[in-house]
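Peer 1: We have chain A already, so just place chain B with the ligand on it with the hints.
Top line first, the protein sequences correspond to chains A and B. With the numbering used here, letter number 151 in the first sequence gets 145, and the count goes up by one each step, no holes. Plus 2 on top of the position in the second sequence (first one is 1) and you've got the numbering used here.
By construction, these hints were calculated from the structure, which means they are not laboratory data. In this text the structure is predicted, and so the values were computed from the model without any measurement. Treat the hints with care, since some could be wrong.
[Unchecked claim] One-sided excerpt, in silico: chain A residues whose CB lies under 10 Å from chain B:
{"#": "1", "residue": "K164"}
{"#": "2", "residue": "E165"}
{"#": "3", "residue": "L166"}
{"#": "4", "residue": "Y170"}
{"#": "5", "residue": "K192"}
{"#": "6", "residue": "T194"}
{"#": "7", "residue": "R203"}
{"#": "8", "residue": "V229"}
{"#": "9", "residue": "R240"}
[To be verified] Far from chain A by the CB rule (all over 10 Å, computed), these chain B residues:
{"#": "10", "residue": "V9"}
{"#": "11", "residue": "K92"}
{"#": "12", "residue": "D93"}
{"#": "13", "residue": "L205"}
{"#": "14", "residue": "S355"}
{"#": "15", "residue": "M395"}
Even for Gly, the Cβ is constructed at its ideal location relative to N, Cα and C.
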Amino acid sequence: MFKGTERKPFHDDKDLVQVTNHGSLRYPHRLNFYDRPPLYDVTVEEFETCALDRLRILAEIESSAARNRTWEELKTVTNAQCSNYLPLHATSARTVERDSERRKDHLGHFVLRLAFCRSEDLRRRFIKAETTLFKIRYDADDNAEREMFLSSRDFDWMPVDSAEKSKYRKELLGSYQGARNESVREQAFEAEKYYKVKWTRVPDLVEKRKVFLKAGWAYVPAKEQSSIVFQEFEVHLAKALELTARSLPRLDEDTRLVPILDNLSQGFLAGVPSQWAGSGEAINSDDIKAEMVDDLAKKHFPICMRSMHDNLRRDHHLKHLGRLHYGLFLKVLGLSIEEAVVFWRKSFDRLTDDKFNKEYKYNIRHSYGLEGKRANYAAKSCQQLLTSSDHGCPYRYYSPENLQTALLSAYSSRGLTSADLSEIMSTVKATHYHVACTRVFEITHSSFGIKKGAGTGDDESVTHPNQYAAKSMELYKVQQNSAEAMVVE
Amino acid sequence: MANAVPVDTSPEVMLAFYRRLYPFKSIFNWLNHEHAPTRLFTHREFAFTLQGDVYLRYNSFNNADELKKQVCQLNPTRFEIGPVYSARPKDKKTARPGMFNPLKRELVFDIDMTDYDPVRTCCSGADICRRCWAFISAAVQVLHTSIREQFGYENLLWVYSGRRGIHLWISDEEAMGLTDDQRKALVNWMTVIHGGSESSKRLNVRLNGRHLPPSLQTAVEHLATIFSELVLSDQDVFASQEGYEALLEQIPDSEVVSKLRTKWNADPSRSSEDKWLDLKSQAKKYEKGSAQRATLTAAMEDIILHYTYPRIDAEVSKHRNHLLKAPFCVHPKTGRVCVPVDPQRMDEFDPESVPTVGQLLKELDTASKPGGAEGGVHHSDWERTSLKPYVDMLDKHSLRLMEQVRLEKRGKDVSW
Ligand SMILES: [Zn+2]
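In isolation and in its complexed conformation, chain A is listed as follows:
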């Protein structure tokens, strides 16, 4: 299915060093162009974990672009995420299980290829995020190890000899970007090595006029060599994904994998839920009483749950899917079964006791795992709400006008102004719904010290309504405590 280029046979001293030093490693390099598919047996669990852990990182990278993070910020965030979910140590880190780290990196990449090759848009986004991840790792790679990696692969660049360099000296120097000081720049130029590649391989350098062009050949100074590598990575991956897409129908027969792949490709839409996924347990240790919900909704709920709450108050009713989504959310928020029955009974105040008990009470108890299958149902994540057009994510399903009205009426008392809306709406337009939601969180919690780009704290994006509410309540509590402390002192 995947065709890879053969690694060049070892031929120079550097490679020999590599053999003697690290010959025992199955993956000799930290960096990987993913030429060969993993051809070993993998369990379905491993398949899924590797992919999910990598997806977390890619989703964070993608949301960084929407959140206007600088390259340095992006690197910091990504490196932090990588050390949690996908550590990848240098070859020199002998005490670490480097092969198993690299195997996980290798496997995760290929699983995600399967998930993301299936539409042009997904391919484009995957390539962009993967290339960024590669750049971050390339940047951080040890110089000698990077050199070794580069020489392990044929990049097909032609060294420009000194005769040719002096033949085009004027033009090369003329396009050499360097220090403002002329003689410093010229000195650096004299020492610079040049490589020739077809111009199509370095469009970013051409665009910025950083190379000299002659008859379709770009003369690339060694310091810009990484451009060739990155471009090669990108083109290589794009081709591989197209091949994968064409061979995918055969894979669709494997019924174990398809749901996992579907789920993964949703991950870019919603971000990857972290601890919020799969948990049906209440996450708040403090008891929440039915009569507290109004106040909590105003202060702490994301727009999806806030809208459901407001609708419930307005209509004294909520349709089935709304009850399900909102009920599970409240359960995880910390509303006990007894309080839930009270809450819903009071909310549906136009119903007779008889009707309520017959038609609604069972379902409430059921969602708490007290009836039927007795399953402990988890609250819906952003990912699930994003695919539910009925009582789903307002950022996705509301018209722009309705969304803006809803946001202002819900949050203007918490610091959201109409001036903030254009940024939020343009993020929505770009289909980065979770980024928009995260931004609203940041704005409405700025008085708690949440800065732009900080997400729900710790650079996390919103991936679950309960995460949103819990983080908000946590911030509120911290402030309350410190205020109390001050009063006491």
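Peer 2: Just chain B with the ligand now, with coordinates in the frame of chain A:
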């Protein structure tokens, strides 16, 4: 336009033109690169603009005859050529999702006279004359040389757009396959003056704010002559107050600016040539090698570029799936045929002498009268009109392209 000959592009005239004169076979060869139909033709999108501005997209044809048949049936006011897709455009609806993608198309450029309005004095808007055509001519020379020398492309076809601009179609294999990113990179490499409101701002193309990149250094040396002949002498662009104020805006030395302004306000009749000399002599007052002099010299180079460097409509070139009017279509307002232009003889090209559809049909009538020909439809009717040299030009271009493709193919076969 001066000579107000009524323009007839009525449906009857257009139909006669398509039936008897339009060189379908030549267009086929040029798009197809070979004699037998390839995907370059069969998977190629054609879009028709019908009378009443109905727009039909995603048409495709097996060969030149099919194209001709459809054109004669629909009788469009014009038609456009798009990319080669991974499936036949006419089967777009039945193609598997994700399996209908643009793969190839000529790299195209569009230069339009309206972008030169701020720097020409003879005409404005839709009007054009031989004098301001010189701006287009300068642009063609620079672009033609740059593309060939820097990017190494050889198969460049220049086509008059029928009114006030010119198109460039590049058919080299590599150029055909460029991705949108690569197209964007190439266009940005070529772009110096950004259109729209930015066009009056100072240029920003220098490395370290100091020297020009080598490609532009070469261009500015060539354009200096054109600047003096066209901008200073012929168009006299800095004669009016508006004109010289625009010039002053581009001089980054407030002392020099105020001196020149005082002088020119006192004597507004000074010619553009004199005003340029005034600026030069101001620069020379600074010591050779001084920073101020270097700044002024750089500004003067930038000004030359600003007034004469090609103004490219970047959006046309950046996207593989952009549609562009086919050569030999008729401009509905002028009736002129979009004929190929020889870049080596740009100076001789006069847009007003390009044949109109009415004129060509008349020529055809006159030619067929003696001998009482039956007026049958011949493929080569254009041979008897003044369209001939233009069709010959396209045929010659295609022949070279086809020969190249043939040799490349043979090269590949031999290497087996
Ligand atoms: Zn004119």
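Peer 1: Now tell me, hint by hint, if it's right for this structure.
Peer 2: Outcome of the hint check:
no. : hint : result
1   : K164 : 7 Å, holds
2   : E165 : 4 Å, holds
3   : L166 : 8 Å, holds
4   : Y170 : 8 Å, holds
5   : K192 : 8 Å, holds
6   : T194 : 5 Å, holds
7   : R203 : 5 Å, holds
8   : V229 : 9 Å, holds
9   : R240 : 9 Å, holds
10  : V9   : 42 Å, holds
11  : K92  : 21 Å, holds
12  : D93  : 18 Å, holds
13  : L205 : 13 Å, holds
14  : S355 : 36 Å, holds
15  : M395 : 25 Å, holds
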